[in-house]
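Taking the hints as your guide, dock the two standalone chains into a single complex.
Letter by letter, the chains look like this.
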Amino acid sequence: MTSPSGVRGRGLRFRVVATFAIGGLVLSSAFALGTYSFSKRYLVAQRERTAQRQAFLNARALRGSLGGAPRSVPDALAALEVPTGSSVVLHRSGTWYGTSVALGRDDVPAAMRTLVASGTAAHQRISTPNGPALVVGVRLPSLDAEYFEIVVLSELANTLDVIREALLGAAAITTIAAALLGVWAARRVLSPLRDVSTTASAIADGDLSQRLETRGDPDLDPLVESFNRMVEALQHRMERDARFASDVSHELRSPLTTLRASAEVLERRATDVPPDLREPIELIGGEVQRFERLVSELLELARAEAGVDALALEPVNMGELVLHAVGLTRPGDFVVEIDPRLAAAPVLTDKRRVSRVLTNLVENAQQHGSGIRGVAVSRRLDVVRITVDDGGRGVPPDEREQVFERFFRGAAAGRRDGSSGTGLGLALVAEHVRLLRGRVWVEDASPGDGARFVVELPVEDA
Amino acid sequence: MNPVVLVVEDDARIRSAIRMALDGEGYEVIDVGSGEEARREFATRAIDIVLLDLMLPDINGFDVCRALRQESDVPILILSARSDTHDVVAGLEAGADDYVTKPFVAKELAARMRALLRRLTPGEVRGTTYRFGEVEIAPDAGTVLRGDTEVQLTKTEFRLLCELARNTGIVLSREQLLDRVWGYDYLGDGRLVDAHVRRLRTKIERDASDPQMVVTVRGLGYRMNRL
Numbered sequence: 001m002t003s004p005s006g007v008r009g010r011g012l013r014f015r016v017v018a019t020f021a022i023g024g025l026v027l028s029s030a031f032a033l034g035t036y037s038f039s040k041r042y043l044v045a046q047r048e049r050t051a052q053r054q055a056f057l058n059a060r061a062l063r064g065s066l067g068g069a070p071r072s073v074p075d076a077l078a079a080l081e082v083p084t085g086s087s088v089v090l091h092r093s094g095t096w097y098g099t100s101v102a103l104g105r106d107d108v109p110a111a112m113r114t115l116v117a118s119g120t121a122a123h124q125r126i127s128t129p130n131g132p133a134l135v136v137g138v139r140l141p142s143l144d145a146e147y148f149e150i151v152v153l154s155e156l157a158n159t160l161d162v163i164r165e166a167l168l169g170a171a172a173i174t175t176i177a178a179a180l181l182g183v184w185a186a187r188r189v190l191s192p193l194r195d196v197s198t199t200a201s202a203i204a205d206g207d208l209s210q211r212l213e214t215r216g217d218p219d220l221d222p223l224v225e226s227f228n229r230m231v232e233a234l235q236h237r238m239e240r241d242a243r244f245a246s247d248v249s250h251e252l253r254s255p256l257t258t259l260r261a262s263a264e265v266l267e268r269r270a271t272d273v274p275p276d277l278r279e280p281i282e283l284i285g286g287e288v289q290r291f292e293r294l295v296s297e298l299l300e301l302a303r304a305e306a307g308v309d310a311l312a313l314e315p316v317n318m319g320e321l322v323l324h325a326v327g328l329t330r331p332g333d334f335v336v337e338i339d340p341r342l343a344a345a346p347v348l349t350d351k352r353r354v355s356r357v358l359t360n361l362v363e364n365a366q367q368h369g370s371g372i373r374g375v376a377v378s379r380r381l382d383v384v385r386i387t388v389d390d391g392g393r394g395v396p397p398d399e400r401e402q403v404f405e406r407f408f409r410g411a412a413a414g415r416r417d418g419s420s421g422t423g424l425g426l427a428l429v430a431e432h433v434r435l436l437r438g439r440v441w442v443e444d445a446s447p448g449d450g451a452r453f454v455v456e457l458p459v460e461d462a
Numbered sequence: 001m002n003p004v005v006l007v008v009e010d011d012a013r014i015r016s017a018i019r020m021a022l023d024g025e026g027y028e029v030i031d032v033g034s035g036e037e038a039r040r041e042f043a044t045r046a047i048d049i050v051l052l053d054l055m056l057p058d059i060n061g062f063d064v065c066r067a068l069r070q071e072s073d074v075p076i077l078i079l080s081a082r083s084d085t086h087d088v089v090a091g092l093e094a095g096a097d098d099y100v101t102k103p104f105v106a107k108e109l110a111a112r113m114r115a116l117l118r119r120l121t122p123g124e125v126r127g128t129t130y131r132f133g134e135v136e137i138a139p140d141a142g143t144v145l146r147g148d149t150e151v152q153l154t155k156t157e158f159r160l161l162c163e164l165a166r167n168t169g170i171v172l173s174r175e176q177l178l179d180r181v182w183g184y185d186y187l188g189d190g191r192l193v194d195a196h197v198r199r200l201r202t203k204i205e206r207d208a209s210d211p212q213m214v215v216t217v218r219g220l221g222y223r224m225n226r227l
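Protein chains in written order, with my numbering: chain A, 1 to 462; chain B, 1 to 227.
The following block holds chain B by itself, in its conformation from the complex (with noise of 0.2 Å):
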């Protein structure tokens, strides 16, 4: 079955050239103009993907990232027409996983959307699991549990949690996070990396301003520690 995106857009001549640019990529579009249709659609139907406008006539767009994220793990690919530093952060803090800033290039856009549909990274031997204190992750499963308590963490921070627990011990730059959990070549965002590291330490750290698992390593990158 082919993957069902949500554009949620006010300006029709934008839908219509999303429409175009996901052509013969395989998806089912459906779009919609309001933060309000946006709920109603996504309450209804199940969504793989959702393509977020940030300015919308009715809800703000941060408040319908925010909505949304409470409900589900979906991944959100914010459109935004700019690349303000502020909108960026905000929008990544309210739950986005990525951001594509318009004019977008057809295949740019395909490409960020196939990166964030993507289950797990290959490579993964079997039934591993990983551990840290009693924080336990299941790649296979896509389950991380935290005593007996299932952890919600969504399919960016996931991907992001395995891929440092893969290489525990070992400080992997941003721009290598960006590569294997965005697909990023070697320009991506560094501010991508900060925000989902942000919001992981909240989930899974006993205390986020103190963090004992994923630390930074000043000038360098991220690292995860045993514990």
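Pulled out of the complex, with its shape left as it was, chain A reads as follows (with noise of 0.2 Å):
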């Protein structure tokens, strides 16, 4: 069972790293594990084959030297070959001889002496203050004597004690390789991912033209054809959606154009008729126009989505323009700030575009904040940020994302009463600026009521 916050919770890349140094620990120690103990068996029964040739050479050789010759049983000893740290005992006649202090009789357990003394040749490994050793017995019938020999196997622990550090050595190095080649793995394998983010990403800032490359990977592929197959039938879909909207709204312009004409002169003509027909002629040129500026504004967002026109960038004196767009509504009391920089020199934007979006917010402002309360542009580096403060209730929290859809109307914001809003400026004014690659957003005024809406626009100088 893996808890939510396991490894599953840590992300792919996480995992990938671990399974890969799980992996290269387990197989490395076992590799090292079974390399040890092989090593070690070997080693230990070549050293015990050593030992008793040894013993059965030397035992022949003492069998010689006191068969004839009478010699003193410790002179005997002491001529035989032994190898260093290592001692031999005699016990003949119930004597017991030896050449060693350390290593002497007691170091022969009693079971192996009894084996011996009944004329099996033995040998068994033991533990002495020197470190493990190798007791070999042989019977000397002719002697009637016992000969052990006791050999010291402190070579043999050191060599495997080297083997054994250099294999878990190898085993450490082995595992940090394999969590190596886990992160190396991980990129490769994720990098797809990678690209398909950011093609996502792309996409969802609008570039419908992205599109996944395949690689020729089997295992890939068929994830890179559905993304770029989805991202087709969006592309298809949006487009036919901006071409219905643009189609529908070219066919309504023939009919306004009569309709308006029609009904201006109505209105030009409104003194010769009853007076009882004045209103409704009214009403009618009202709603015409109404109508009609639905209608372009219609036309406008869906050329604006469907990415038609392209920016049309232009020097364009931001102070001036600006001026301009506040100028164009009803005279206010309010302040317009104009960054002196902006004032000097012209920047390199869509005039008609930053316009469009300027008097859709003054407008804004004016139709639902109850009117402009302050009009500042400014420029930072290569950002120009205007911000139009507005003396209204402001915009709730939760409802500053929908005010920039179209026909959205908020709870606090006005009805729709004799206004000629269309309810579609705002979402003019973010796709103007989505297209200008800047930013748009609303917040409250410093001074605590009414909503100040935010533009940041990037610019080049001209």
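These aren't lab readings, by the way, just hints derived from the structure by calculation.
These numbers were taken from a predicted model, which means no experiment stands behind them.
Positions of the beta carbon are idealized from the N, C-alpha and C atoms, including for glycine.
If a hint is listed, it holds; no wrong ones were tucked in.
Over 12 Å on every C-beta distance to chain A, these chain B residues come out as not near it, computed from the model:
1) 37
2) 41
3) 46
4) 60
5) 128
6) 130
7) 180
Listed next, the stretches of chain B that the computed footprint assigns to chain A, with coverage defined by at least 3 CB atoms under 8 Å from CB atoms of chain A:
8) 16 to 30
9) 102 to 114
Below is the structure:
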């Protein structure tokens, strides 16, 4: 069982690296363990064989030296060739003889003494204060004696220690190498996902021409293909919607032109008709105007969304543009602050779009925010920041995104009354700002009440 | 005598809308529904201004525009159902003087037509002529001579040239030119100016791709240079 906060909760990259590292550790440990135990068994067996052979040779030599001319046992024992650290013990006629003080009779296990005395050659591992040792015992019937050799295995133990350390080191290095391999593999495996994520966010930002490239990888290509198909379908759908909106608006333009001209004639002649017809004539005129505006704004929105018109960058004096946009509306009691740098030098931007953004924000302030309180435009590095403050009740935090949606009418916003608003003004602002690669949002105006619409646009010097 | 307007528009409802819009403005309106009729009318009558729809049943509106322009310097106002960059620029390249998008407002249409029919801008001292190398401009006479030959300019091109000439050495922004030549307020379409300057250059400059008289001042506008 894995808890959600465990390995699975850590992300794909971590999991791949951990899997590789653990795999490396288990495999290398198993190999190390196997190698070690095999080496150990082999080396011990070999050492035992050598010790036995040596003991048998020495026993034969002893038989020769003691069996012929009478010679003192200690002399005969001393004459034997014994490896350093090993010692020899001889039991003859109830007397024990030894060559070393450290290892003697007491080191030969009693069971083994009995076994050898009964005539069986034997060997046994014991542990001594000097480390592990091997006792080899042989009965020498002609001398009526038992010969024992105690071979200290400290050299072998040292060798095994070195092997163990080497294997442990190798296992550790293998584990680290596996983890690094895991990092590399994770990056490699994840790189297509990174591409997907980059492309997806580009698409989310509105660039529907983005596609993933196939890599000729049978595991990944189905993903790439279905992703591309999805984007393709999305693009078609959006284009179709945009085209539909555009077609509808175009088709509406001719009748609207006629309606508008007719309404204008009626309005011009309003004094010639009976007084009770004047109100309907006025209503027709106002509604035709509003309908026409709705159509042209829907068309503008459709065109902006479909991205059919490229940005028309030209040198624009932002100060003039702001004053113009504000001046188009009824004069009010508010301050317009213009950054002196912007008043002095033009910047490169799309005049028509920026102007649409400004006039729509100003209109919004008048229709839904009880009028403008202040307009400011400033420049910091390559960003022009425009703020439009109104004196209304502000926009509640949960409506601050929706307010830029078409036909959005918030709870606090004004009702649809005699105003000529179309409900598309802020949606158009958002679209134009998006095309200008800028940002727009609404916050609280600093003196407490009212909304502040902020537009930030990247610009270049003209 | 009232100015004669030739309206070329295939949609009868729009034709009546235009008649209504021009009602009381003092024009004599002749309307036709096709490019062929337009050319016939144009050949037989003295027309002062043309309102031209781009989508016609027989001949493409751009071709009608080019054909009329070859014969005459009559002001041509395009009636466009769209504000496509492509259509507007193509119309201006075909020789149109200005454009109005449908649905238009009667006042707007009348104002555009008035601006195109205006004779010279006021404030001209009688008898003034301007000379730039071999090019001589006589605002009074409405003529431009290059050496001994007269250069054929449309009225709009001529007004543009006079405006620039009167301000020789001074940079005029697109906004200023739109205001003084076309009678637009701040939000006129800068492409009008650009397209007309391009056409003007092909007629008066020795090498239109390397203009010596009407030069572009990057970021600001255009300036007439003394040669």
